[in-house]
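With chain A held as given, fit chain B onto it using these hints.
Residues per chain, in single letters:
2 protein chains.
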Amino acid sequence: MSLAEASLPSIATVMAEIGRNARLGAKALAIATPEQKRRALTVAAGAINAHRKAILAANAQDMAAAEAKGISKAFLDRLLLTDARIDGIVEAVRTIAELPDPVGATIDEWDRPNGLHIERVRTPLGVIGVIFESRPNVTADAGALCIKSGNAVILRGGSDSFHSSKAIVECMLDGLHAAGLPVECLQLVPTTDRAAVGEMLKGLDGNIDVIVPRGGKTLVARVQNEARVPVFAHLEGLVHVYIDKSADLAKAVSVTLNAKMRRTGVCGAAETLLVHKDVVATHLKPIIEALIAKGCEIRGDAQVMALIPTAKPATEEDWRTEYEDAIISVKVVDSLEAAIAHIEHYSSHHTEAIISEDPASVEKFFNEIDSAILLHNASTQFADGGEFGFGGEIGIATGKMHARGPVGVEQLTSFKYRIRGNGQTRP
Amino acid sequence: MSLAEASLPSIATVMAEIGRNARLGAKALAIATPEQKRRALTVAAGAINAHRKAILAANAQDMAAAEAKGISKAFLDRLLLTDARIDGIVEAVRTIAELPDPVGATIDEWDRPNGLHIERVRTPLGVIGVIFESRPNVTADAGALCIKSGNAVILRGGSDSFHSSKAIVECMLDGLHAAGLPVECLQLVPTTDRAAVGEMLKGLDGNIDVIVPRGGKTLVARVQNEARVPVFAHLEGLVHVYIDKSADLAKAVSVTLNAKMRRTGVCGAAETLLVHKDVVATHLKPIIEALIAKGCEIRGDAQVMALIPTAKPATEEDWRTEYEDAIISVKVVDSLEAAIAHIEHYSSHHTEAIISEDPASVEKFFNEIDSAILLHNASTQFADGGEFGFGGEIGIATGKMHARGPVGVEQLTSFKYRIRGNGQTRP
Numbered sequence: 001m002s003l004a005e006a007s008l009p010s011i012a013t014v015m016a017e018i019g020r021n022a023r024l025g026a027k028a029l030a031i032a033t034p035e036q037k038r039r040a041l042t043v044a045a046g047a048i049n050a051h052r053k054a055i056l057a058a059n060a061q062d063m064a065a066a067e068a069k070g071i072s073k074a075f076l077d078r079l080l081l082t083d084a085r086i087d088g089i090v091e092a093v094r095t096i097a098e099l100p101d102p103v104g105a106t107i108d109e110w111d112r113p114n115g116l117h118i119e120r121v122r123t124p125l126g127v128i129g130v131i132f133e134s135r136p137n138v139t140a141d142a143g144a145l146c147i148k149s150g151n152a153v154i155l156r157g158g159s160d161s162f163h164s165s166k167a168i169v170e171c172m173l174d175g176l177h178a179a180g181l182p183v184e185c186l187q188l189v190p191t192t193d194r195a196a197v198g199e200m201l202k203g204l205d206g207n208i209d210v211i212v213p214r215g216g217k218t219l220v221a222r223v224q225n226e227a228r229v230p231v232f233a234h235l236e237g238l239v240h241v242y243i244d245k246s247a248d249l250a251k252a253v254s255v256t257l258n259a260k261m262r263r264t265g266v267c268g269a270a271e272t273l274l275v276h277k278d279v280v281a282t283h284l285k286p287i288i289e290a291l292i293a294k295g296c297e298i299r300g301d302a303q304v305m306a307l308i309p310t311a312k313p314a315t316e317e318d319w320r321t322e323y324e325d326a327i328i329s330v331k332v333v334d335s336l337e338a339a340i341a342h343i344e345h346y347s348s349h350h351t352e353a354i355i356s357e358d359p360a361s362v363e364k365f366f367n368e369i370d371s372a373i374l375l376h377n378a379s380t381q382f383a384d385g386g387e388f389g390f391g392g393e394i395g396i397a398t399g400k401m402h403a404r405g406p407v408g409v410e411q412l413t414s415f416k417y418r419i420r421g422n423g424q425t426r427p
Numbered sequence: 001m002s003l004a005e006a007s008l009p010s011i012a013t014v015m016a017e018i019g020r021n022a023r024l025g026a027k028a029l030a031i032a033t034p035e036q037k038r039r040a041l042t043v044a045a046g047a048i049n050a051h052r053k054a055i056l057a058a059n060a061q062d063m064a065a066a067e068a069k070g071i072s073k074a075f076l077d078r079l080l081l082t083d084a085r086i087d088g089i090v091e092a093v094r095t096i097a098e099l100p101d102p103v104g105a106t107i108d109e110w111d112r113p114n115g116l117h118i119e120r121v122r123t124p125l126g127v128i129g130v131i132f133e134s135r136p137n138v139t140a141d142a143g144a145l146c147i148k149s150g151n152a153v154i155l156r157g158g159s160d161s162f163h164s165s166k167a168i169v170e171c172m173l174d175g176l177h178a179a180g181l182p183v184e185c186l187q188l189v190p191t192t193d194r195a196a197v198g199e200m201l202k203g204l205d206g207n208i209d210v211i212v213p214r215g216g217k218t219l220v221a222r223v224q225n226e227a228r229v230p231v232f233a234h235l236e237g238l239v240h241v242y243i244d245k246s247a248d249l250a251k252a253v254s255v256t257l258n259a260k261m262r263r264t265g266v267c268g269a270a271e272t273l274l275v276h277k278d279v280v281a282t283h284l285k286p287i288i289e290a291l292i293a294k295g296c297e298i299r300g301d302a303q304v305m306a307l308i309p310t311a312k313p314a315t316e317e318d319w320r321t322e323y324e325d326a327i328i329s330v331k332v333v334d335s336l337e338a339a340i341a342h343i344e345h346y347s348s349h350h351t352e353a354i355i356s357e358d359p360a361s362v363e364k365f366f367n368e369i370d371s372a373i374l375l376h377n378a379s380t381q382f383a384d385g386g387e388f389g390f391g392g393e394i395g396i397a398t399g400k401m402h403a404r405g406p407v408g409v410e411q412l413t414s415f416k417y418r419i420r421g422n423g424q425t426r427p
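Chains as they are written, first to last, in the UniProt record's numbering: chain A, 1 to 427; chain B, 1 to 427.
Isolated chain A, as found in the complex (with noise of 0.2 Å):
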């Protein structure tokens, strides 16, 4: 061993310190006034307001070494930062800074026939363990979320985006110093080796209460497999729009091809569109031939192959498959209730829609899928924190543990029961 390589810590030396450092920085943080996390935010805000040409410069820098490796143009486009995406990044933050405090809210109180009073109220989970891929705007967004509901936050990004998350960081920990916050509660991970998201997976010795991966498939498989601590993710969006036989035509079309066409990448677009038999002679083709003006491939079961000339077959393959791109697969089907049966069948439980006027027909749409989401009249592509008044969103689960949805600052909390009594024992 050499003297240099003998001196140097190892990943798993230099991640247990930051586990550490995050439990202080979580103790810390559970105990701060909403004051304190309130400015933390606000001055990160104004902080990445104020450095936005550092800011940049770093992003050039990482774009011009992901842009040798000969990156994706889909990968270059989440790393790239603008004046008008730092924008929306100190927008987040400040939105983020302004909710209300969770932490200490009280969810439910009652009074016990024995005098006692129980209240339940929010705590914070403890230590939040974030790996992500390209996007920058993550550091900030999970960072703000992380603080303003007391979690100290571990962010590890992807190598290509390293620094462009080291200068948002910074102005995090300017807010941080500001509100008088130990600079523990927010830590990025220093080093791009692989190896470090080994030891966030195994929980930093029960120092990480959470992960949330933000990135492609692959990382999130991985860590839904190897984690020895809970995952809040989904796999896949395999988001349905099923057209009812109660609905109206201009609902239909403009609903089905915002969810489908707006953005094709995003885990709320529709993946498969469903038209009751009764609406095929009068909806299918309107909503197609939008959908095929918009650069939209269709495939579709035979009965819709009979009506679109140009649809390719639908195999069963396409029923279990998020395009994440210009590609729909459509399918007719008998009853609301074959709908529903085919939904539960193949959906990844992320969002679904019916398009329907018909109050009851929505009632057992909403009743009988176990899905995170469900919409009426109205398009996926809402699944998003900062849609549904979350001001923004650390992820979305899937699963049914815990957290289920847009994951925002209240599904980052825990709780604990405070009963007030005066001199109360058990008989």
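Any given hint could turn out to be false.
For chains that are exact copies, the list does not tell them apart, and a pair is met inside one copy or across any two.
Claimed, not checked - Cut-off 30 Å, straight-line C-alpha distance, at most; resulting in silico cross-link-like pairs (DSS-like, lysine-lysine):
id : residue 1 : residue 2
1  : Lys202    : Lys217
2  : Lys217    : Lys73
3  : Lys251    : Lys312
4  : Lys166    : Lys202
5  : Lys27     : Lys364
6  : Lys312    : Lys277
7  : Lys27     : Lys277
8  : Lys69     : Lys53
FYI, nobody ran anything at the bench for these hints, they're computed from the structure.
Then chain B, alone, in the frame of chain A:
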């Protein structure tokens, strides 16, 4: 391989089948009406009441076998059913039957500026696996809580209570029949082979959503270490009572006595007493004399030893020990801060109490201690779902994910979002 061996299905096959059946049961229960679930439990309670002779006979069979094996007295007491205990079971199932139905209840709702109306409503979790030891009443309590919350349940009782549990399960199935619900909603594992527990811990091919262990530390530790699905549990109840310098003497004596001595084997029983130095002269002796009069052994620090001649010295090990017996460790602390630091260091984060007349001390204690249940001027033995008004509890959780404290019907639910629009598309 003999013909008999060849024709017996393996434990893995039996358990996989139970898992698939449970998932079907869960689907039916998820859309059962509140009245169906209420009726299932009301009829079950009536059947337990009506068939008490058969249940007591089955229990006598279990008791005889256990006595013949020379099992401990404490174990036999947990296994024993009496008329009074059956009354208790009937009452618990009736109380749970009459609780408000949690499924479909709106937890939160709000409007967005674009006109979308967002509702967050409770949904069942799916399938709950309950692994318990000797107490036959768990069959009814856990079964009733799961059915009320729309979850299918797989019950795996200890071999010693098998006949008692089976007799109670028959009554629960009467209830499901009467309500038109499938018997797959509640299944008792038909074998006492330990391999069945191993299969449950692996999650039965995704057909168990949560595991609840009910029993001693060995069982809970095994479940927490081996389970590949979420677990609601507590390993220990290392419960503290802190006597503040402002404590009322009468409350300090009666609450401490009840917290320690009402029942010493329950998880809410106090194990360590912390006393502020300013009230050592006035409060320490009367509290300890009351404990000694009830037969409690005292293990104290140097100051306690000086005051109480019969006290034994407390070692570092004592601060870490859940005695589950008539023993208490006692320490004098210099300040509220020192009490909080001791609790945060040694507590199992289950339940802690402060005896105090100073609201500022209570607030600090409530804010800074990260335990599931915090009490002011009330006995720690109130740490119980029934005492919380939950009708019962499937267990008490000390983890912070999803459930915390006594786990009743609400904590056995997840939620989904229902969003109503009139054609909204996302810009």
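>> Checking an output row: Lys251 and Lys312, CA cutoff 30 Å. Within, between, both or neither?
In response: within (25 Å within a copy, 79 Å between copies)
>> Within a copy, between copies, both or neither: which one fits Lys27 and Lys277 at a CA-CA cutoff of 30 Å?
In response: Between copies, since 26 Å is at most 30 Å while 58 Å is not.
> How would you label the pair Lys202, Lys217 (within, between, both, or neither) given a Cα cut-off of 30 Å?
Replying inline: For Lys202 and Lys217, both the intra-copy (20 Å) and inter-copy (24 Å) Cα distances are at most 30 Å.
>> Checking an output row: Lys69 and Lys53, CA cutoff 30 Å. Within, between, both or neither?
In response: Within. Shortest intra-copy distance 24 Å satisfies the 30 Å Cα cut-off; inter-copy 78 Å does not.
> Quick one: Lys217 to Lys73, C-alpha cut-off 30 Å, is that within a copy, between copies, both, or neither?
Replying inline: within (18 Å within a copy, 55 Å between copies)
> Checking Lys312 and Lys277: alpha-carbon separation at most 30 Å within a copy, between copies, both or neither?
Replying inline: within (19 Å within a copy, 82 Å between copies)
> Is it within a copy, between copies, both, or neither that the alpha carbon of Lys27 lies no farther than 30 Å from that of Lys364?
Replying inline: The answer is between: 14 Å across copies meets 30 Å, while 46 Å in one copy does not.
> Is it within, between, both, or neither for Lys166 and Lys202, if the alpha carbons may be no more than 30 Å apart?
Replying inline: within (24 Å within a copy, 41 Å between copies)
Checked against the numbered hints given earlier, this structure breaks none of them.
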